[in-house]
Amino acid sequence: MIQELLRYNTLVILAGTSLLGLVSGLVGTLAVLRRRALAGDALAHATLPGLCLAFLAVGHRHLPSLLLGAALTGLFGLACVSVLARGSRVKDDAALALVLGVFFGAGIVLSRWIQNRASEGSKAGLDSFRLGKTSGMILADVVLIGSVSAFVLVVVAALFKEFRITLFDTPFARATGWPTGAIDQLLMLLIGLVVVAGLPSVGVVMITSLLVIPAAAARFWTDRFEIMACLASFFGMVACVSGVILSTLFEDLPTGALMTLCATAIFAVSALFSPRGAVAARLRKSAGPGGGEAQSELSRSFELPEAV
Amino acid sequence: MIETSGTSTAKRHAPEAKPGAAPVLEAHNLTVAYREKPVLWHVDFAIHGPSLVGVVGPNGAGKSTLLKAVLGLLPVGSGHVEFFGQPLRKVRNRVGYVPQRESVDWDFPIQVLDVVLMGTYGRLGWIRRPGAAERTLARECLAKMGLEGLENRQIGQLSGGQQQRVFLARALAQQADLYFMDEPMAGVDAATEQAIFRILAELRDQGKTVIVVHHDLRSVPERFDQLLLINQRLVAHGATKDVFTAEILRKTYGGRLAILDELAVALKTGEPST
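Respectively, the protein sequence lines represent chains A and B.
The opening residue of the first sequence carries number 2 in our numbering; numbering runs sequentially from there.
The opening residue of the second sequence carries number 23 in our numbering; numbering runs sequentially from there.
Simulated from the structure, these hints should not be mistaken for laboratory data.
Quick caveat: nothing in here was measured; it's all calculated off a predicted structure.
Backbone N, C-alpha and C define an ideal beta-carbon position, used for all residues, glycine too.
A portion of the hints provided could be inaccurate.
Some chain A residues close to chain B (C-beta under 10 Å, calculated; not the full set) [to be verified]: (1) Ile166; (2) Thr171; (3) Thr177; (4) Arg220; (5) Phe226.
Just a few of them, taken from the derived set where beta-carbon distance is under 7 Å, the chain A residues facing chain B [stated by the list, open to error]: (6) Phe169; (7) Asp170; (8) Pro172; (9) Ala176; (10) Met229.
Listed next, the stretches of chain B that the computed footprint assigns to chain A, with coverage defined by at least 3 CB atoms under 8 Å from CB atoms of chain A [as the list claims (entries may be wrong)]: (11) 86-100; (12) 119-126; (13) 132-138; (14) 149-162.
Chain A with its partners taken away, still in its complex shape:
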């Protein structure tokens, strides 16, 4: 088994997907705090028809072309959401669900049609995008995924304070001169890049979980934005690496699903056993009133005058 893992190919795949997991957790933190997780999910599902159409155009699994097709229909889907939500008849969540359903449905029909007419070899190429499959990835694919992830990482690191102020207090940010609309669109672009880069290993259906779950887990450990982002990156990386390792051991199980299960395990541990988690809260409650949080609740409700 160790020999399996130490094969050059596997190590390269591990390196690429750990970088993907890292930026997934990082961008996921921003997406969750900006409440864009659902938009990310709609984008992910809207990539399926693009993958199919690109496959039809190219004839075989040429990853850069497939991902380009995915990106185009994904962005087109988001544009449809904007147009729909602009009028007042279809609200944001309905518009997202609508686009998600229509595009994904069209994608399923297309992929079924392709399966029925294509040869065995090309069938396998397209199927793997639904739930992710890292085994059989070639070096060039990993380099592409790694480069996109590295680019996203650099952008987020450079503009960290700009994201922080826009996410926390948009009116203040705008009043002090920050272009919050452009920053919001940049965030959506970064989410799009992470989704598209994650399609081969995690798949259309699961990529949003990789954005959301590490960030949700990280929130249980800290009240500081930068720590949450770092922890979410770490959890994302661990979930991805674990998923890949399990995937080399059980070759017929989809990688995306395995990664998501690992991420969920991390979340469960965080939600239960972290200082802010359920177990600690229960212990505090049974310790009686006067402990930490109960005290601040009390003083808050009476608005005790503070000496200035």
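Following the hints, position chain B against chain A.
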């Protein structure tokens, strides 16, 4: 019994405006619409600093709208605004803002010091991170608002009064010459309100101008030097002693003046309320 609260902060020893200086804020024929319905129209005024300016009027009359439109947060239907004789984008670093508390998500993972540090972002510009100098400034602003020791508290854990003071500390960290504050006294107890007014008066005495949307008429006469009375249009603008009259207040509030406010007005102006 209506009591005149604490120390009067109306102009006594404040520095006089330099003759011929551009007004700190000038609005020309400003009209603001919301979904094609005009909510504020033909607002025209020039404010000279330094001064503590109150923006008063009934609920929904457009006070917050005026602030937001002036700062570019709401689209302006027609008219334009000048700050120190220039468009806002040229003098952003000289303008500070305290928004209404509702605009913020209090569960956001951020601590008090980090919120105040955001006031320094404008001067840092793109990509540069706050350094030791910015942190020192942030701590000083927190101390001025009486919040030392709370730097590492998550903001949702603070009381309403403390949260308001964090926002004010952030505005102080902007080191601006003109401040806009949208209902900074909302949900704040009497002692904190007094403390905040003291700080605003200090800013005015240092030569700055502070424009405050304020809802409580009782504190207006002895707190503000100038008033803008708004009811979907500018009803009156001028020195408090000139415009805080029963007649103008009646025009501004229509029949909506609450009983207590009417009594307070009657006490101040010596006229019987209707």
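Against the structure, the hints:
Residue-level restraint check for Ile166(A) holds (minimum Cβ-Cβ distance to chain B is 5 Å; threshold 10 Å). About 7 Å separates the beta-carbon of Thr171(A) from the nearest beta-carbon of chain B, less than 10 Å, and the hint is met. About 4 Å separates the beta-carbon of Thr177(A) from the nearest beta-carbon of chain B, less than 10 Å, and the hint is met. Satisfaction of the interface hint for Arg220(A) is found here, the shortest Cβ-Cβ separation to chain B being roughly 7 Å, below the 10 Å cut-off.
Taken as an interface hint, Phe226(A) checks out: its beta carbon lies about 5 Å from the nearest beta carbon of chain B, inside 10 Å. Interface hint status for Phe169(A): upheld, as the beta-carbon distance to the closest one in chain B is roughly 5 Å, under 7 Å. With a cut of 7 Å, the hint placing Asp170(A) at the interface with chain B holds, because the nearest CB-to-CB distance is about 5 Å. Annotation: Pro172(A) was flagged as interfacial toward chain B, and the flag holds, the nearest CB pair being 5 Å apart, inside 7 Å.
Below 7 Å, beta-carbon pairs count as interface contacts, and Ala176(A) has one with chain B at about 4 Å; its hint therefore holds. Proximity of Met229(A) to chain B holds as hinted, the smallest CB-CB distance being about 5 Å (cut-off 7 Å). By the rule of at least three residues with a Cβ nearer than 8 Å to a Cβ of chain A, the coverage given for the stretch 86-100 of chain B holds, with 4 such residues. With a threshold of 8 Å between beta carbons, the proposed coverage of the stretch 119-126 of chain B by chain A holds, since 4 of its residues qualify and at least three are required.
Closer than 8 Å: that is the beta-carbon criterion, and the stretch 132-138 of chain B has 4 residues meeting it against chain A, so the requirement of 3 holds. Only when three residues or more bring their CB closer than 8 Å to a CB of chain A does the claim for the stretch 149-162 of chain B stand; here the count is 3, and the claim holds.
Violated hints are absent here; each numbered hint is respected by the structure.
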